[in-house]
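Kindly generate the complete structure, drawing on both the sequences and the hints.
For the protein sequence lines, the chains are W and D, in the order given. Residue numbers 0 to 59, in numbering that gives the first Met the number 0, belong to the letters of the first sequence in order. Residue numbers 0 to 547, in numbering that gives the first Met the number 0, belong to the letters of the second sequence in order.
No more than 25 Å apart at the CA atoms, straight line, and that leaves these computed lysine to aspartate or glutamate pairs for DMTMM-like:
| no. | chain 1 | residue 1 | chain 2 | residue 2 |
| --- | --- | --- | --- | --- |
| 1 | D | 425 | W | 30 |
| 2 | D | 109 | D | 13 |
| 3 | D | 528 | D | 495 |
| 4 | W | 34 | D | 431 |
| 5 | W | 44 | D | 436 |
Treat the hints as calculated values from the structure; they're not laboratory data.
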Amino acid sequence: MSDKNDTEIEILAAAAKEWVESTSGMSALNDLAEKVVLISEGMTKDNQIDQVSLRKPVTF
Amino acid sequence: MIDRSLCIEAFFMESYFLKQYTIDNLKEILSDHDYSASHLIEDKTHLIYFNDYFSDLGVGAQTMIVENRYIDRDYLEDFSGYYIRCFEDYERSCRRIHFFDQRITDDEFKEYIKGKTTDELQDAYIGFVTVRPLPKTIIGRTCLSTYKDDDRRKYPATRTYSVNLFGLSLKVDNTLAFQEQDRVASACATSALWSVFQATGKLFEHSIPSPVVITESATKQIPLDSRSLPNNGLTAEQMAYAVREVGLEPLSISARGNTGLLKAQLYAYLKSGIPLIMIIDLYETKALPSLSRFGNERHAVAVTGFSLGTPIPIQYSQHSKLLLKSSRIDKLYVHDDQVGPFARMEFKNVNVKQRDLTGEDTNEEIPLTVLDSSLRDVEGSVGDIFTIWDTVYVPLYHKIRIPFQSVLLNAIYIDGFINEILTKNKFLNLADRLVWDVYLITVNDLKNEIRENSILHEDKRIELLLTNFPKYIWRASSYSGDNQVLDLLFDATDIEQGSYFERPILYNDDVEIVMTAACEGINISSLSKKIPDSVIGIIDWFKNNKTK
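See the structure below:
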């Protein structure tokens with residue numbers, strides 16, 4: 000449920016749309032993408048299986 | 000003339016006996032057969048576990064009923080695969096000890112057998128331990144109720160086991176079968192796999208093999224350089240092969256250097272009821288800050304639950320302020336065949352000496368997150384061994400194809416969009432920063448939840464209930480404080496290329512209106528090509544204003 004009246008939230012929504020359309024809005028969205036790429040690369044590295052360790056004939 | 004009452008009394012005596020629960024009485028029962036002796040049983044770590052679990056601070060066991068002759072399918076298969084060919088005349092049947100949290104007299108129990116309704120008996124039932132007729136590795140199939148699932152302790156990878164005790168139908172809810180390795184048909188790897196298959200067998204409908212069958216199938220294509228039976232263990236590749244043999248796919252994850260990512264992945268699969276196999280290396284606590292291996296062996300455990308003991312979620316990484324519910328995990332509950340079922344392993348931060356290129360310790364210390372264990376060292380002390388996780392295997396139904404990391408990246412982007420762009424610029428006003436709960440769910444469970452949801456407007460609920468969804472769904476749910484804000488639903492059975500985003504569920508009107516308007520304003524062709532396709536799918540969904 001909204002805690003604002005319809006006009007208030009519609010004004011905010013219109014302002015959000017306008018800001019996203021602007022150069023600074025688009026640049027903020029693309030900066031966010033850069034961050035996600037960095038996190039994704041870190042994740043791939045962190046999740047990498049040590050194949051050498053796995054293939055060691057160690058039993059358990 | 001035969002006195003029938005005497006005959007029946009003899010039957011009773013031959014079939015079972017009752018004993019008050021004390022740890023000494025339990026030890027006596029465990030060692031009371033031809034091949035075992037109390038000194039062999041005394042050293043078992045399981046007794047420490049049972050002592051804690053059955054105590055008044057645990058489940059408060061009062062009475063034990065011992066079934067003298069119980070045919071256990073798993074032991075029987077191990078027996079026919081190995082023990083029957085021994086010169087020693089090992090028994091084919093086991094004993095089964097049933098535990099109750101009420102005082103039950105012999106006369107009261109006889110009344111149940113004679114026909115009294117079992118409701119009270121069921122209420123008092125804790126579960127059972129099967130005792131194998133072997134010299135030392137006696138703990139066979141064990142099903143014991145977990146402590147109550149509360150806000151902290153979670154045991155999602157459990158099921159109900161039916162028990163028939165002399166015609167009395169009982170059940171053990173919220174548990175997962177456990178057994179220790181017998182060091183013949185199974186080592187710890189086989190025991191962990193066996194416990195995991197107990198859950199996945201029900202979940203994904205595959206047959207549940209016995210330990211000897213798991214060992215044989217694991218070593219069939221990738222034989223060991225030594226004999227497979229008696230079994231000294233499986234390699235990681237053989238464990239993966241055993242998972243394939245039951246028709247599942249072994250997804251391997253590591254996250255050695257990122258505890259947050261490890262917790263997030265364990266949580267995401269466990270919450271959907273899928274237990275995982277964790278391969279761990281053992282280290283001596285006394286040697287810290289030097290890292291000193293405890294023997295050269297590795298150990299495998301089945302991860303079956305977790306504790307959300309950290310009160311506040313921790314930021315995912317230095318690059319993302321994302322708050323995940325999984326970051327509150329402080330302990331894992333594991334089936335460790337050397338300790339017991341649902342044994343605690345606690346995350347702990349230690350400092351260790353950094354090593355140089357030759358592998359020698361330097362004077363510089365670095366922080367490391369490890370897992371404490373309840374394993375015993377050579378002197379029999381508990382608490383002197385800690386572990387570092389190596390690889391985790393997730394046994395997955397083959398159609399669950401989208402990996403967790405991909406879904407998490409979508410959540411990270413949308414979290415940034417809502418918190419860093421819409422909230423920071425005051426287009427939205429959320430009471431608290433979003434906390435994300437990311438996990439796998441089946442369409443049936445999702446729809447059951449939607450049906451019960453009191454926040455969603457009836458029209459939205461009906462629309463969601465009538466929408467077709469894939470069988471397995473990745474769900475990223477966000478909360479502001481206790482309030483549900485937004486769910487992102489992804490098709491877990493799709494392929495990673497392109498968008499696998501299905502649709503959102505919007506619980507908060509403000510978020511719905513502002514997100515829709517903001518997405519309408521986004522010029523997708525001007526967006527960085529680095530943005531994942533599914534994020535574009537999410538923006539596109541709002542852009543086309545499909546919200547109703």
